[in-house]
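Spelled out from the first residue to the last, the chains are:
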Amino acid sequence: MVKSDFLITGLGSVSAAGDSLESSLVSVGAGVRNSGSVSIFSTSLTYPVFEYKGPLDSGTKMEGSRTLALLLKAVEEALFDSGLHETRGLRIGICIGTTVASQLNDLGFYRAYRETGTTSLDPVDLFLKGNPAEFLSHRLGTKGPALTIVNACSSGTDALGVALSWLKSDLCDIAIAGGADELSLIPYAGFSSLGILNPGLCAPFDRDRKGLNLGEGAGVMVIEKRSLALSRGVTPSLFLAGYGLSSDAYHLTAPSPEGIGLKTSIDAALSEAGISPHEISFVNAHGTGTQDNDQVEGKVLSEIFGSDLTFLSTKGYTGHTLGAAGGIEGVFTAAGLKEGWIPASAGFCLQDDNIPISPVKVRTEISGRYALSTSLAFGGNNAAVVIGLEGR
Amino acid sequence: MNILGIGTIFSQGSGIDALESALENGPLQPADVDALYGADGKRKAFTVDFDSVPDKGMLKKIRRADKLSKMSVVAAAAAVTDSGITDLSDKRVGIILSTAFGAHVTTFEFLDGIIDYGEKNVSPTSFSNSVHNAAASYISTSLDIKGPTLTVARFRFSFQSALELGKSWLEQGRCDYLLLGAVDQYGDVLGYVSENKLNPALEGEIKPFSFGQGGHIPGECSVFFLLGHELTSSSYCSIDGVYTAHDPNSAEKVNLNVLSADGMLKDESLYLQHLSPEISVAAYSPLFGSIMTGGAMNIAAAALTIKKQQTYASPGNSAFPGLKIVNASEPSTISTIRCIDVNCRGECATVYLGRLRDIT
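So the protein sequences, as listed, match chains A and B. Residues 1 to 392 (my numbering) make up the first sequence, in order. Residues 393 to 752 (my numbering) make up the second sequence, in order.
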């Protein structure tokens with residue numbers, strides 16, 4: 001089996017950075033950071049967020065869920081990009097990472113139930129119809145596996161990796177995979193309670209970083225067997241080459257200080273791709289802007305890839321979109337390879353003495369064939385995907 | 393892949409012995425659970441307590457975990473113990489945990505915090521335990537497993553979808569062993585939801601072969617399987633096929649069909665199209681309750697059936713025209729079992745278990 005058996009034929013992204021991948025690339029290329037106060041729910045907290053401000057018309061605001069609306073917008077873009085206009089009846093696997101859409105956590109419903117002992121079950125009905133992978137599978141009429149990944153902040157990256165496993169096992173011919181999450185009061189209050197929200201703008205890997213900003217969005221890839229893509233007349237370009245995941249077995253909320261789990265997942269992804277570290281042209285790091293994450297990730301990346309690694313975090317443009325992050329960052333990584341450049345790592349100014357490497361401070365040209373996207377998550381989960389570009 | 397060990401925790405106890413005992417002795421009465429905000433005061437549910445867990449030290453180690461995570465750790469650890477594999481630390485082990493609702497009880501505790509104390513004063517412990525993958529994290533730390541670890545959700549087919557993926561992982565060498573399981577917890581809100589959305593079991597018992605007319609009783613459980621390619625003297629059976637989208641073997645003759653029918657669907661006659669008058673059929677939900685991921689418990693019961701080469705009488709009602717329901721617990725030659733689950737859209741997930749030829 002050659003390395004590029006599983007082609008990425010479509011990309012879609014929606015976030016505070018833009019309502020499409022194309023608009024996002026313009027925005028991040030110009031260094032724009034679309035942050036602000038929360039407007040989509042009431043809160044007494046004042047931490048800035050990266051809210052999606054673009055159109056989400058009622059036709060796509062499915063099942064009353066903003067997450068599904070964001071997902072569908074990214075999926076429509078990815079399917080259009082792939083030229084896959086008809087999905088009904090095809091062996092298409094759907095794998096979507098999320099956090100918010102997996103939880104029955106409607107505050108209004110629960111408050112009413114507590115107060116009266118009885119309340120409308122409409123929010124429950126919406127929840128039961130809103131499992132992202134099941135929703136999308138039914139919406140598109142696909143005939144393949146459907147699975148929602150709820151691995152916290154690595155969910156989107158894991159979804160890409162699960163899709164690769166499905167394709168390799170011939171459980172489907174095409175996969176639509178990525179992540180989607182909306183801003184919600186529950187994680188907003190939760191991350192606040194953990195003391196890791198930044199009162200200003202996040203500054204991944206910076207010496208003076210003060211925490212993360214939450215965001216929302218969706219990032220989706222269409223991945224398909226090479227033979228099928230070629231039969232549709234697709235010109236091979238990007239491909240999904242490898243995936244690795246691991247557990248720290250260390251702590252519920254803190255990464256292992258030695259980063260052994262992250263190293264294991266990166267090694268596994270490189271191994272599946274059949275490449276060595278020096279073939280990686282850049283890394284789109286998890287880079288949340290928290291003290292612990294960035295220190296561990298910087299240490300591991302420098303150990304594996306050396307001190308001259310080209311890397312960035314795109315969370316400075318999107319915020320931390322939780323279950324969507326791996327999907328959006330995977331899409332940005334693929335776009336970086338294809339377009340031949342990556343933006344400045346927003347928010348980074350000063351090197352941290354405890355982090356041996358520094359992300360790019362300016363827009364940087366890329367000429368390599370492979371790139372890596374990493375995710376770390378609550379629970380000590382680590383995930384990494386290798387994306388390749390043919391023809392270089 | 394083969395089932396090397398099984399661990400359970402449910403209303404009748406913990407460990408595979410508790411499941412075997414339940415299969416032999418039949419259902420117990422559900423508990424009367426306080427309805428925290430409901431007008432009627434009590435609800436029926438099959439709930440778990442930890443008195444039956446032999447390893448109290450493990451429970452002490454995870455005392456900060458919520459009930460969902462504790463159930464998961466207990467079942468996962470029991471699966472390892474049951475396999476007879478004494479040390480997993482030098483082996484490449486993965487974890488896939490499936491759940492329909494995740495840590496909803498802890499999530500509502502977190503919402504209690506927002507309502508009672510305000511957004512600025514909520515509990516970080518509650519929040520971190522409410523994340524779906526907290527249970528898998530507790531398993532990995534408790535058992536020192538550092539391999540691929542994933543938590544997945546797809547309501548009724550959460551477990552079967554996890555199993556389908558797990559088969560791929562083992563085939564692709566992502567790990568050599570896999571702790572793969574399901575967990576779902578009863579809670580006050582789910583009790584209210586199920587009471588108002590689903591038919592209650594008015595006769596106090598789940599009757600799977602009334603196909604939805606007999607009603608449901610909520611339950612909670614966790615069941616884990618240690619899976620691998622090797623064959624040990626403790627192995628149960630092989631898993632020969634897992635299908636969540638299309639079952640190419642649906643016309644295949646098997647020795648026994650095991651259904652996940654549990655009264656949660658308004659119309660469970662959807663199961664009938666997958667059954668045949670010639671093939672014996674059983675369903676074990678009356679033993680543990682109506683649970684979205686209860687299919688995993690039925691698969692555990694089926695695995696025990698193959699390993700022990702004996703049938704277990706199907707609890708609840710025992711007759712339905714045209715069906716050969718297993719009515720007796722007795723020795724029997726069982727080579728293949730099809731485990732069938734149906735969701736509210738009429739979609740079907742099937743898991744095929746086969747007898748290991750080298751095990752007598």
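Treat the hints with care, as some may be off.
Facing chain B, according to a computed beta carbon distance under 8 Å, are these residues of chain A, among others [claimed, not checked]:
1) T46
2) P48
3) Y113
4) L126
5) L140
6) G144
7) N198
8) L201
9) V234
10) Y250
11) A254
12) F378
13) G380
For the record, the hints were derived by calculation from the structure and aren't laboratory data. None of these values were measured; they are calculated from a predicted model. Glycine included, every Cβ here is placed at the ideal spot set by N, Cα and C.
Legend entry - Hint check against the structure, violated hint numbers in rising order: 1, 2, 4, 5, 7, 8, 9 and 11
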